[in-house]
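Chains as they are written, first to last, in this note's numbering: chain X, 1 to 149; chain C, 1001 to 1149; chain D, 2001 to 2082; chain B, 3001 to 3082.
One thing to keep in mind: the hints can contain errors.
[Unchecked claim] Within a straight-line C-alpha distance of at most 30 angstroms, the following computed DSS-like cross-link-like pairs (lysine-lysine) qualify:
{"no.": "1", "chain 1": "X", "residue 1": "Lys101", "chain 2": "C", "residue 2": "Lys1061"}
{"no.": "2", "chain 1": "X", "residue 1": "Lys101", "chain 2": "C", "residue 2": "Lys1073"}
{"no.": "3", "chain 1": "X", "residue 1": "Lys123", "chain 2": "C", "residue 2": "Lys1061"}
{"no.": "4", "chain 1": "C", "residue 1": "Lys1073", "chain 2": "C", "residue 2": "Lys1123"}
{"no.": "5", "chain 1": "X", "residue 1": "Lys123", "chain 2": "C", "residue 2": "Lys1123"}
{"no.": "6", "chain 1": "C", "residue 1": "Lys1136", "chain 2": "X", "residue 2": "Lys101"}
{"no.": "7", "chain 1": "X", "residue 1": "Lys61", "chain 2": "X", "residue 2": "Lys123"}
{"no.": "8", "chain 1": "C", "residue 1": "Lys1136", "chain 2": "X", "residue 2": "Lys123"}
{"no.": "9", "chain 1": "C", "residue 1": "Lys1123", "chain 2": "X", "residue 2": "Lys101"}
{"no.": "10", "chain 1": "X", "residue 1": "Lys61", "chain 2": "X", "residue 2": "Lys101"}
{"no.": "11", "chain 1": "C", "residue 1": "Lys1061", "chain 2": "C", "residue 2": "Lys1101"}
{"no.": "12", "chain 1": "C", "residue 1": "Lys1101", "chain 2": "C", "residue 2": "Lys1123"}
{"no.": "13", "chain 1": "X", "residue 1": "Lys61", "chain 2": "C", "residue 2": "Lys1123"}
{"no.": "14", "chain 1": "X", "residue 1": "Lys136", "chain 2": "X", "residue 2": "Lys101"}
{"no.": "15", "chain 1": "X", "residue 1": "Lys123", "chain 2": "X", "residue 2": "Lys136"}
{"no.": "16", "chain 1": "C", "residue 1": "Lys1123", "chain 2": "C", "residue 2": "Lys1136"}
{"no.": "17", "chain 1": "X", "residue 1": "Lys136", "chain 2": "C", "residue 2": "Lys1136"}
{"no.": "18", "chain 1": "C", "residue 1": "Lys1101", "chain 2": "C", "residue 2": "Lys1136"}
{"no.": "19", "chain 1": "C", "residue 1": "Lys1123", "chain 2": "C", "residue 2": "Lys1061"}
{"no.": "20", "chain 1": "C", "residue 1": "Lys1101", "chain 2": "X", "residue 2": "Lys136"}
{"no.": "21", "chain 1": "X", "residue 1": "Lys61", "chain 2": "X", "residue 2": "Lys136"}
{"no.": "22", "chain 1": "C", "residue 1": "Lys1073", "chain 2": "C", "residue 2": "Lys1061"}
Derived from the structure by calculation, the hints contain no laboratory data.
In this text the structure is predicted, and so the values were computed from the model without any measurement.
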Amino acid sequence: MDIRVQSAPFDFGAEAGAFATGHDNAGAVVTFAGIVRDDTGSLQRMVIEHYPGMTERALEKIAREATGRWDLKDCLIIHRHGDLAVGEMIMMVATAARHRKAAFEAAEYLMDFLKSRAPFWKKEITGSGTGWVASKDEDEAALGRWSKE
Amino acid sequence: MDIRVQSAPFDFGAEAGAFATGHDNAGAVVTFAGIVRDDTGSLQRMVIEHYPGMTERALEKIAREATGRWDLKDCLIIHRHGDLAVGEMIMMVATAARHRKAAFEAAEYLMDFLKSRAPFWKKEITGSGTGWVASKDEDEAALGRWSKE
Amino acid sequence: MVEILYFAWVRERIGLPREQVETNAATVADLVEELRAREERYAAAFADLSALRVALDQDLADFDASLDGVREVAFFPPMTGG
Amino acid sequence: MVEILYFAWVRERIGLPREQVETNAATVADLVEELRAREERYAAAFADLSALRVALDQDLADFDASLDGVREVAFFPPMTGG
């Protein structure tokens, strides 16, 4: 289990490659990467604020719960804060499990909880001003999937 | 869309890294890697047989359907055949979409159909003999998820 | 004349990866009957059709599908890729 | 004495990232009432509690949670990471 919160960029390919090797009993590895997306063509950059201390606590809790629930062989979370340009990687998660169903579900679980339970806030800087990204009801609703089972 | 069927190894990290860059409107990238797993400690190697010609057709059909259904920005399938050692990558898929839900669902769809509809067969070579891997009822059942929606 | 391909344990049981067969079989099931009647190794390979899949010209098909115009028939167990 | 932290637009609206506050508030809701009464910028930031989240000593909590023994209170909008 590896949790990293950092302002520096990370190399998704190198991280994914390193994560996927060396787990003899993991037949399945899933990775997710979140990238700064420009929907309107006007985004100049994104600034991510976080709550140092609580961020790490929250991510560790989420990773620990996923690891237990799906018997993961390993999991990784990297999340950046600070200034990001369009096309830059914001974050990634990776999961390793014996079978694909567990690896997929655990990665989705990590993302759903990270999205609504880890203290990060995105601000968009466009040509016409700045604005905090609003949370989506569907993100909160996504958590319901994991309590019903 | 990129489909590759090959006996040569591939570099999962390099492929994942290259895939994840260069899609300005894709905020979400999901990858899956399948690895030769040794559950019993006795697996020496795995041999994957396939049906040249039909394999490529089947994978292209699956990828085309996923791309349309989830409006993917891109998708990639690499699948090896021939001799593989324990710990080697068997295959990978990658999907790029605007949002994470589409990227996750499309990757799971690719895997579910690839597993039961692409003509690959795994044979395990152990210290005590060889045997074809049996298909699992749950793999066929997994396809039901995609017709109900 | 159709080209018949065998894969995985079907190939091993029959002992051939492919063969050309002269047949007037109307459907896959008819062709299977002809093959079963040939030799014990064919009868063994085709003993349980529920354990087999068939592709016609490289597309999955059912055992009651017509062979009209078909050039390539492949028999194999359920796939186990991924 | 508690340390209060503000993040994202709550921080911007109040104009401070953190401050130390002398309070006898029993619950988060009581503390919010005290802050609201201070100045217009606090009243504006705390106008709609449904748009806010609170953490006590770095764990998410409810607005009716007790402040007993709590050293650090943080107010912020719903998270938008990932």
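* Asked: Taking each numbered hint in turn, which are not upheld by the structure, reported in ascending numerical order?
  -> The structure breaks hints 3, 4, 5, 8, 12, 13, 17; every other hint is satisfied.
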